[in-house]
Amino acid sequence: MQPRDVDESFLALPLSALTEAALTRAVDLGCEHADLRVERIRTQAITLRDARLEALATGEDLGLAVRVVHEGAWGFAAGVVLTAAEAVRLAEQAVAVAQVSAALATDRVELAPEPVHQGAWVSAYDVDPFDVPDAEKTALLTEMSERLLAADGVEHVQSGCMHVKEQKYYADTSGTRTRQQRVRISPEFTALTVDRTTGAFESMRTLAPPVGRGWEYLTGGHRDWDGELAELPELLREKTKAPSVEPGRYDLVVDPSNLWLTIHESVGHATELDRALGYEAAYAGTSFATVDGLGSLRYGSELMHVTGDRTVEHGLSTVGWDDEGVEAQRWDIVRDGVLVGYQVDRNTARLGGMARSNGCAFADSPHHVPVQRMANVSLQPHDHGPDLDGLVGGVERGIYVVGDKSWSIDMQRYNFQFTGQRFYRIEGGRLAGQLRDVAYQATTTDFWGSMRAVGGPDTYRLGGAFNCGKAQPGQVAPVSHGCPAALFEGVTILNTVQEGGR
Amino acid sequence: MSQLTGQQLVEKALAASTADGCVVHVVESTEANLRWASNSLTTNGAMRSRQVVVVSFVDGGAGMATGTVARTGTPDVAELVAASEQAARDAGPAEDAVPLVDQAPPGGGDWDADPAETSIEVFAEFAPALGEAFGAAHDRGELLFGYAEHAMTTTYLGTSTGLRLRHDQPTGRVELNGKSTDYSRSVWAGVGTRDFRDVSVADLAADVERKLGWAQRRVDLPAGRYETLLPPSAVSDLMLYAYWTMEARDADEGRNVFARAGGGNRIGDRLAALPLTLRSDPAAPGLEAAPFQVVSTSSGSASVFDNGMATPAVDWIRDGVLTNLVRPRAWALKTTAPAVVAVDNLLLEDAAATATQDEMVAATDRGLLLTTLWYIREVDPQTLLLTGLTRDGVFLVEGGEVTGAVNNFRWNESPVDLLARITQVGRTERTLPREWNDWFTRAAMPPVRVPDFNMSSVSPAS
Numbered sequence: 001m002q003p004r005d006v007d008e009s010f011l012a013l014p015l016s017a018l019t020e021a022a023l024t025r026a027v028d029l030g031c032e033h034a035d036l037r038v039e040r041i042r043t044q045a046i047t048l049r050d051a052r053l054e055a056l057a058t059g060e061d062l063g064l065a066v067r068v069v070h071e072g073a074w075g076f077a078a079g080v081v082l083t084a085a086e087a088v089r090l091a092e093q094a095v096a097v098a099q100v101s102a103a104l105a106t107d108r109v110e111l112a113p114e115p116v117h118q119g120a121w122v123s124a125y126d127v128d129p130f131d132v133p134d135a136e137k138t139a140l141l142t143e144m145s146e147r148l149l150a151a152d153g154v155e156h157v158q159s160g161c162m163h164v165k166e167q168k169y170y171a172d173t174s175g176t177r178t179r180q181q182r183v184r185i186s187p188e189f190t191a192l193t194v195d196r197t198t199g200a201f202e203s204m205r206t207l208a209p210p211v212g213r214g215w216e217y218l219t220g221g222h223r224d225w226d227g228e229l230a231e232l233p234e235l236l237r238e239k240t241k242a243p244s245v246e247p248g249r250y251d252l253v254v255d256p257s258n259l260w261l262t263i264h265e266s267v268g269h270a271t272e273l274d275r276a277l278g279y280e281a282a283y284a285g286t287s288f289a290t291v292d293g294l295g296s297l298r299y300g301s302e303l304m305h306v307t308g309d310r311t312v313e314h315g316l317s318t319v320g321w322d323d324e325g326v327e328a329q330r331w332d333i334v335r336d337g338v339l340v341g342y343q344v345d346r347n348t349a350r351l352g353g354m355a356r357s358n359g360c361a362f363a364d365s366p367h368h369v370p371v372q373r374m375a376n377v378s379l380q381p382h383d384h385g386p387d388l389d390g391l392v393g394g395v396e397r398g399i400y401v402v403g404d405k406s407w408s409i410d411m412q413r414y415n416f417q418f419t420g421q422r423f424y425r426i427e428g429g430r431l432a433g434q435l436r437d438v439a440y441q442a443t444t445t446d447f448w449g450s451m452r453a454v455g456g457p458d459t460y461r462l463g464g465a466f467n468c469g470k471a472q473p474g475q476v477a478p479v480s481h482g483c484p485a486a487l488f489e490g491v492t493i494l495n496t497v498q499e500g501g502r
Numbered sequence: 001m002s003q004l005t006g007q008q009l010v011e012k013a014l015a016a017s018t019a020d021g022c023v024v025h026v027v028e029s030t031e032a033n034l035r036w037a038s039n040s041l042t043t044n045g046a047m048r049s050r051q052v053v054v055v056s057f058v059d060g061g062a063g064m065a066t067g068t069v070a071r072t073g074t075p076d077v078a079e080l081v082a083a084s085e086q087a088a089r090d091a092g093p094a095e096d097a098v099p100l101v102d103q104a105p106p107g108g109g110d111w112d113a114d115p116a117e118t119s120i121e122v123f124a125e126f127a128p129a130l131g132e133a134f135g136a137a138h139d140r141g142e143l144l145f146g147y148a149e150h151a152m153t154t155t156y157l158g159t160s161t162g163l164r165l166r167h168d169q170p171t172g173r174v175e176l177n178g179k180s181t182d183y184s185r186s187v188w189a190g191v192g193t194r195d196f197r198d199v200s201v202a203d204l205a206a207d208v209e210r211k212l213g214w215a216q217r218r219v220d221l222p223a224g225r226y227e228t229l230l231p232p233s234a235v236s237d238l239m240l241y242a243y244w245t246m247e248a249r250d251a252d253e254g255r256n257v258f259a260r261a262g263g264g265n266r267i268g269d270r271l272a273a274l275p276l277t278l279r280s281d282p283a284a285p286g287l288e289a290a291p292f293q294v295v296s297t298s299s300g301s302a303s304v305f306d307n308g309m310a311t312p313a314v315d316w317i318r319d320g321v322l323t324n325l326v327r328p329r330a331w332a333l334k335t336t337a338p339a340v341v342a343v344d345n346l347l348l349e350d351a352a353a354t355a356t357q358d359e360m361v362a363a364t365d366r367g368l369l370l371t372t373l374w375y376i377r378e379v380d381p382q383t384l385l386l387t388g389l390t391r392d393g394v395f396l397v398e399g400g401e402v403t404g405a406v407n408n409f410r411w412n413e414s415p416v417d418l419l420a421r422i423t424q425v426g427r428t429e430r431t432l433p434r435e436w437n438d439w440f441t442r443a444a445m446p447p448v449r450v451p452d453f454n455m456s457s458v459s460p461a462s
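Line order of the protein sequences matches chains C and D. Heads up, the first sequence is in our numbering, so the first residue is 1 and it goes up one at a time. Heads up, the second sequence is in our numbering, so the first residue is 1 and it goes up one at a time.
Simulated from the structure, these hints should not be mistaken for lab results. No experiment lies behind these values; they were computed from the predicted model shown. Incorrect hints may appear among the rest.
Covered stretches of chain C (in silico footprint by chain D; criterion: 3 or more residues with CB under 8 Å from a CB of chain D, positions within the stretch not fixed) [as the list claims (entries may be wrong)]:
1. 133-143
2. 329-341
3. 439-445
Glycine included, every Cβ here is placed at the ideal spot set by N, Cα and C.
Start from the sequences, fold in the hints, and give me the full structure.
Written out as structure tokens, the structure is:
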């Protein structure tokens, strides 16, 4: 059963003493704001190669960090020794860093106000993966992999599961004190076939997304793993025999198992205000969706309704409060095809003229400073939208895209190229077998502008990733994206073999 | 908490081990960084951390099994060792089992010395110079963005077979991105460093200023295949992807670009028309990397059983011919081929090449000069077709001179294919991979000329 509070073993850490030590010292040194985070992150990665355990690694990262605003400049320091003396040292070091910065900073940090919060939040899961014996987890993954490997035509199987348990305590000088615990899991199985004579090889991966659930994701009837593993070999066989795609323009029906990643890259990152303001300009990039377009930029067709949230159950970026003590919220980003909102943290909220942060600050470890990170950014289904058959039925000549694979988008989030796990030809409103060597390429606003139909609520699925990268030093964040299947008209399709010059 | 040293933690863990074998790493890390945007410092920090990794080896009768457990800080060693042994007992026999390494490699370091450290002081000269660059850029109506980082890690590796090895690894990088105030012009300069003593902000700023000047004239060009000069940074990002794919087992199993149709791998095949050598060397000047292996978890390209194994210099491609692939000892035994270990640096060179990038520009009638590549992802593992963007400077070269800046492109290319199509390489120099420098900073590459680089579509991004 889901626990109602954070594990006692984490709460037994000297959280109050560290808070008192760090925040008192920071206030004494004249900080306008100071916060303390104590985090324990447990991670386990189990990998199997051809149904044999290749590696089982369990890690635990425990540490603390002090962040301050001192005379309008940020300062940050992190350590791993959980004593009051170290908390004081970190507060002093953070102020010293702020003083170094102040000499070279012209931009004064001011945090948008936030009510004081005190409480506990635990994500929705049943079975803590770290309570399940390693042998039991490995046995299940081995058995599932063996099933796949035993199938005709499957020469190799790459599989594994990564799970994370994140415990976090946050305290700041305004009086907010929060404790949180969340669990996430990412199982994957890939079947590979090799044609020894020609040297050709091809693979196909399960579509099950990473989610904010516990070990029950693999055992509890949330997903038809047996069915998915059983059909994979035949789907792979069909893919190897499929014709190579003729490049050109096609109508695309994009399955949620693929569309989530397109949303992530072309809407999620493009509507991060820190990017639009230039804070990521040298690294992750900027955005075509500049602030002057808020309320007027035509992002896509009128069917396009995109929300940001940190609240959806089992979402990977769902929290109770963010890493600046801001309560989780849900808001509109694109409504009726027009840009109406951004993702912000407390400093960028103020820079963007907003009264309050929508809670998008996150640090991936106790060693890193919180940066603005993505909410669950989701495309809403149409209440009376068609089901998948209805979407396909409306296409004369097109391609149905299933599962994510390769992805790439430019630094302003205009030009993207995606591949998938499998592609089906659509002829006369019906699926007509798989195609291979397919990639779709588009410019963000053209693509979303070409969205002619949005599926109904029964086509809506949550996808996601553990490993979204941003910031320097680099940080990774987990995030989910919900979406229905949708129809896009006249999208450019490439043949990847021809692109390679063959 | 007690204040055990890294060496004491290693000894304590090895003493607590009741397994058939044990490997312990303690990695002491310090790091300082500065980040800036629009001529102003933004988020900065100083971090200190310590990771303790225990790998236990347990013979359950059917073969040796392993388990890895890692903690930060000063963990309860007995508990950590017990958890690692339990993980090993729960695991089935490991496919990569071979006896643990017991021969000390050369360059094992001074075990007894304190860990090396860095701090924010490493920027004592860099930061004021950066401030001057901010002022100068402001006066020209330009904006500077970027990042500087210095990290020091000291790794103590101890094994139940008696190895006591230590390595200090300094890693530093600077990226400087210059933009016009409307962001329409954007250029980049970057450098890797061990200690920041060789970093000149003025040189980086001058490079940025020169390229922003080139970009004063804007030329729109369509997608297509262009004669293209790739500078060392762009070459490094492409060659790194090829290097990371050089796993012998994948090739032997027919599942990467280095697999041979009909079975086996492509060692012995000519990949490059020119006599290019792609190599790694832990002693390469300025690019020094660990001379022994440190492995927490096994994969197709590294094995926990190989901890402490020497990582000698290795040629991956010699005179244009594929010569080596990465092969842990267990796979080497299975395939009666030599064990070959990956090293944390990469160099591409043609010993006879002398041309500088400017000389290559001067010898170009019409072509593109790139600055960096970005968002590189694998499209087709069969050919190692990669996709990505050009970033921060695509320049048009006409009659031996840069005549303007061109829009960005999305490209689709395979680094293995490119090797065969490179028609000229210049002098190799130290460079910073733009795309991969979060993970890999120690590279030396030449500028190269490709007659027909595939710019697949236009990117409107700047």
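Given coverage of the stretch 439-445 of chain C by chain D, tested with a Cβ cutoff of 8 Å and a minimum of 3 residues
holds (count 3)
Residues of the stretch 133-143 of chain C with Cβ under 8 Å from chain D, three needed, outcome
Held - the stretch 133-143 of chain C has 5 residues with a Cβ nearer than 8 Å to chain D, which meets the minimum of three.
Within 8 Å of chain D's CB atoms, at least three CB atoms from the stretch 329-341 of chain C: coverage verdict:
violated (count 0)
Figure legend: structure checked against the earlier numbered hints; the only hint not met is number 2.
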